[in-house]
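Below are the chains, spelled out letter by letter.
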Amino acid sequence: MNVSKAGLCLKKAMRETWSTIAWEGVTVRVPAEWSLVGVSGDAQKGYLRVDSPAQSVLEMRWSAASGKPPELLAKGRELLANLDKSCRKQGTKVTSKIKNEGDSVTFWWKADRIGEGRLTYCQKCDRVLIAQVIYPPEEDLSDTAQSILRSMRDHRSDNLIAWALYGFEFAVPASYVLDRHTLMSGYIKLAFKNRAKQLVVERWGLANTIVADYSLMDWYRKDVLPDVKGFRTDFEQIDISGHPGLRVWGQAAGIRQAVKSVAYSLTLYTNPRFLTGYAWHCTESNRLYSVRATHDKGENIAERVRDLIRCHK
Amino acid sequence: MSRLSNSISRFIPFLGAKPKIDRKQALAVVPVRNPLIEWERRGKEIHLSIPMRDDCVARLVKRFLRNVPERRRVALDEVGAAVWELCNGERSINSIVESISRSYKLTRREAEASVTMFLQTLAKRNYIGLMSLGGSKGAKRK
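Chains as they are written, first to last, in the numbering used here: chain F, 1351 to 1663; chain X, 4 to 145.
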């Protein structure tokens, strides 16, 4: 096997055994068996934690830099000083190193565990990202930690905000902000808001069990439509990425929507009059996917998000 | 000391120290089905037939209420049935999680969360016992 082929194989293996985690556009690639265990905050300030099956942890923090480029080296030193202080209280000795690498600052520390981290600042997003991989000395994770830290990204090149968790990857336009989320085993729901417009992206696991006794349309009526209020809906069966799927469309109806429209007519924004949704059953991944959005006439937000979801590899 | 604590906590649970086990130890625990429970597969489901309590309280209740059934029936759904079948006293929770994750194409985390929660429910109702690596029933108390 020549070198270039070996490189290719390694890259391929990396792609297959690593997964992407993205929250509020902050993206990182981690070994596939590592999983997201906690998220908090919003696009301005937030925290994310990913645990390995053993005792290693990836922690990421991001915060808005309020316009001016921050002193990353000073921030890194502050972080290490705080760590030193807390370790000294516990009676543990800390050794640390910090290095300025131009566009980023990397650091390393060793106490009862080892930490490797990186600080970056993105001018476009005006956010400071701090990530560190913490692992016990008996697990030699230095190479993995470096790969994880190098894979850190703050934004996509297409101005969309990346979201990826538990293998569910998609992106939404920057104008849509996360309104609420549900992360349950076997069910993920992320609901976004753009003024009065809504975008809801959902994924169910164990699809074979869920739709065993129902048709896709019956399942949608039973599980998804109760959440859709104020729209008169209609369905058609279509193929989505080669999977059996549904297209749902609807128009605002009812007194509540009429009142909302009147209220919005007093503002600069409009109340969305249309609803478009898609749902499909991916047999390869044994999952059900649903995207639905309320929108103005001529907008195709549901289609754009649907096309960005990779339901199977 | 720990044996004393174990003995005390058997009778006065709130006095006993809470079991301190890490994730790795918890996943190595082997669930075992309660031999008093009869079960049969009906299509995708498994139906459990659980004997009713036979202590003084149960006997008192039986005296006042007529037609109290001898056994209670519980149906487990497809995934629950798969987990129940895997609780054969040979497989650890980790192995059950891996098997469920493979069969139902769930991520490791999803499978782990669902299976451990389900096993906790079964254990709480005494449908299964949890055997630690040492061989004694129940999670070891420190």
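Just so you know, these hints were derived from the structure itself, not from any lab. Keep in mind that the hints are not guaranteed to be accurate.
To be verified - Listed below are the simulated DSBU-like cross-link pairs for lysine-lysine, each with C-alpha atoms no more than 35 angstroms apart in a straight line:
1) X:Lys108 to F:Lys1539
2) F:Lys1539 to X:Lys127
3) F:Lys1443 to X:Lys23
4) F:Lys1435 to F:Lys1449
5) X:Lys65 to X:Lys127
6) X:Lys65 to F:Lys1572
7) F:Lys1547 to F:Lys1418
8) X:Lys27 to F:Lys1443
9) X:Lys127 to F:Lys1435
10) F:Lys1663 to X:Lys27
11) X:Lys47 to F:Lys1663
12) F:Lys1435 to F:Lys1474
13) F:Lys1572 to F:Lys1474
Note that the coordinates shown come from a computational prediction; the quantities given were computed from them, not determined experimentally.
Checked hints:
no.: 1; hint: X:Lys108 to F:Lys1539; in the structure: holds, 19 angstroms
no.: 2; hint: F:Lys1539 to X:Lys127; in the structure: holds, 30 angstroms
no.: 3; hint: F:Lys1443 to X:Lys23; in the structure: holds, 27 angstroms
no.: 4; hint: F:Lys1435 to F:Lys1449; in the structure: holds, 20 angstroms
no.: 5; hint: X:Lys65 to X:Lys127; in the structure: holds, 24 angstroms
no.: 6; hint: X:Lys65 to F:Lys1572; in the structure: violated, 41 angstroms
no.: 7; hint: F:Lys1547 to F:Lys1418; in the structure: holds, 32 angstroms
no.: 8; hint: X:Lys27 to F:Lys1443; in the structure: holds, 28 angstroms
no.: 9; hint: X:Lys127 to F:Lys1435; in the structure: violated, 43 angstroms
no.: 10; hint: F:Lys1663 to X:Lys27; in the structure: holds, 30 angstroms
no.: 11; hint: X:Lys47 to F:Lys1663; in the structure: holds, 29 angstroms
no.: 12; hint: F:Lys1435 to F:Lys1474; in the structure: holds, 34 angstroms
no.: 13; hint: F:Lys1572 to F:Lys1474; in the structure: violated, 43 angstroms
The earlier numbered hints that this structure contradicts are 6, 9, 13.
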